[in-house]
Structure formats: structure tokens, C-alpha cells
Amino acid sequence: MDNLKGMAWMTLAMLAFALADMTIVFMSRDLPVGQIVFLLGTGGTILFGLWAIVQGHRWWSPVFLMRSVMVRNAGEVAAAIAFITALSLISLSQLSAVIQANPLLVTLGAALFLGERVGWRRWTAIIVGLIGVLIIIRPVGAGFDANILWAVAAAIGLSLRDIATRPVPKTVPTTLLASYSFASVSVAGLVLMPFAGGFAPIPVSAIGFLFGCILASMVAVFAITAAMRVGEVAVVTPFRYTRLVFAFLIAVYIFGETLDVWTLVGVSIVVATGLYTLWREALRKRPA
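The opening residue of the sequence shown carries number 1 in this note's numbering; numbering runs sequentially from there.
Since the hints were made in silico from the structure, they are not lab data. Among the hints, erroneous ones may be present.
Straight line, CA to CA, 20 Å or less: simulated EDC-like cross-link-like pairs of lysine to aspartate or glutamate [to be verified]:
| id | residue 1 | residue 2 |
| --- | --- | --- |
| 1 | K170 | E257 |
| 2 | K170 | E232 |
| 3 | K5 | E232 |
Kindly generate the complete structure, drawing on both the sequences and the hints.
Here's what the structure looks like:
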């Protein structure tokens, strides 16, 4: 295992994801949400499908009809719609802060739906982490923006996707799973379009951002796969939180956002409890 390379690959993946988020923000200024969902889904289906074929896999496979894969696709659809909607309505920094609860929600879901054993320490971390989420969204008072609930929905969708990925056989290639997810997102976007702004003329800049988003997503998927293959999971996984650093830098220096104190306090709690949860899980899996 080469943990240094694994950490570098994971950091690159998180940078790519942050850049993909940035391109979606730019696209949302010119295109309605439904159209963005459809275009990203279609582009991702084609490119990841071709990638899978180049690897020697058949695009259509009975794998698509596996229950875990179908649930995974449903989670991806929910996450994509909520995520893109959130990026069009709230700040990138708020969304990025909320979705850091993903590891906590995955642990919670694994305990509730997969029968995974979770001790009192991780249950405590989950509860404290969710309090951190409440601090970020601040659901009471005049300053509450209900649109931030789209970020919560995105975090839940992403967690559902990750939980459903666990039972999928490791022999199923990542590129094929990604292509199926994007195909499901594409269909959902097509259905959503009449109810979410219809179809607008696509400016040249939006086409550039679209290809940039898909390219960044492909880099991210490749880099995550490489990270998990060359490094120890317990060492590499915490570097997922570098996405927050990149997102905050983009939010401040590209979009001119201001990070308020309560968001920083809340996200600090979420990240700290998430890291603790990952550490406890690594201890649990370590051979005696």
C-alpha cells in the first residue's frame, strides 16, 4: 500500500468534485434545473458508458436490475435533483457544509438498514454531528432560508447511494455503475423538465461548463478508484473532507461569498464527528 499516493489521489478527486460544483453554479445562471439534470445525465451516460466499453465491459447487463443497483440509482437521482436545485438557490458554501454530514448519515443508514453494529461512541458522534447540521441550517428565526433543505435532501440522497453501493458485488466495474446512475439521472431530468423551467437555448458558455463538469466528474471517479486501490481505506477516506476546503476557496474567491461564524462552527462539529466516526470504524475493522 502507498498511502501517500492514495491521499494525493483522493485530494485530486475532491478538487475535481469542487470544480464540477462550480461549473453547475455557472450553468444554473443560464439554464433551468431540469435541463441541467438532463444534460449532465445524458453526457455522463455516454462518456462513462464508452469508458466501460473501452475497459471491455458490455454496457447492458443484468446488473442494472439488481435491487441494490436500482436503489443506488434512485439515491443518485434524488441527490442530483436536490444538489443542482440547491446550487441554483443557496450559496455553494452552505451546500458544501451540509453535505459533509454524508459519512455520519451513511453510518446511521448502515446501522438501520444493513444491520451493521454501531457502538455507543459512534451513536454519540452521529447525534452530535446532526446537531452540527442544525447549527448550519438554523431552522428557527427570521434568517432561516427553507431552500437550504434542498442541501439536506442532497445529503440524504448521496447517503442512500453510498449505502446501496455496499451490497453491490465488487466485480461490478465502477464505470458501469456510474453510467447506470447517469442514465437514471438523464431520464429523471427529461421527466422533470416540463415542471422545472422547460428547455432553454443553450449558450456557448454553458456548453463549455457542461463538458467541464462531465470531465471533472470523470477525473473524480478515476481518482477515487485509484485512491482506494493504492492506499489504506482508513488513511485515505478522511481526505474526502478536503472537498470542503476547495469548495470554500471557490465560494469566497470565485463567487464572493462570506462564511458566517455559525456555518463554520456547525461544519467544524460535523467534520470532527465524521472523522471520529471513520476512526472508530477503522478500529472496529482492524484485526485483533
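Evaluated hints:
{"no.": "1", "hint": "K170 with E257", "in the structure": "violated (41 Å)"}
{"no.": "2", "hint": "K170 with E232", "in the structure": "holds (17 Å)"}
{"no.": "3", "hint": "K5 with E232", "in the structure": "holds (10 Å)"}
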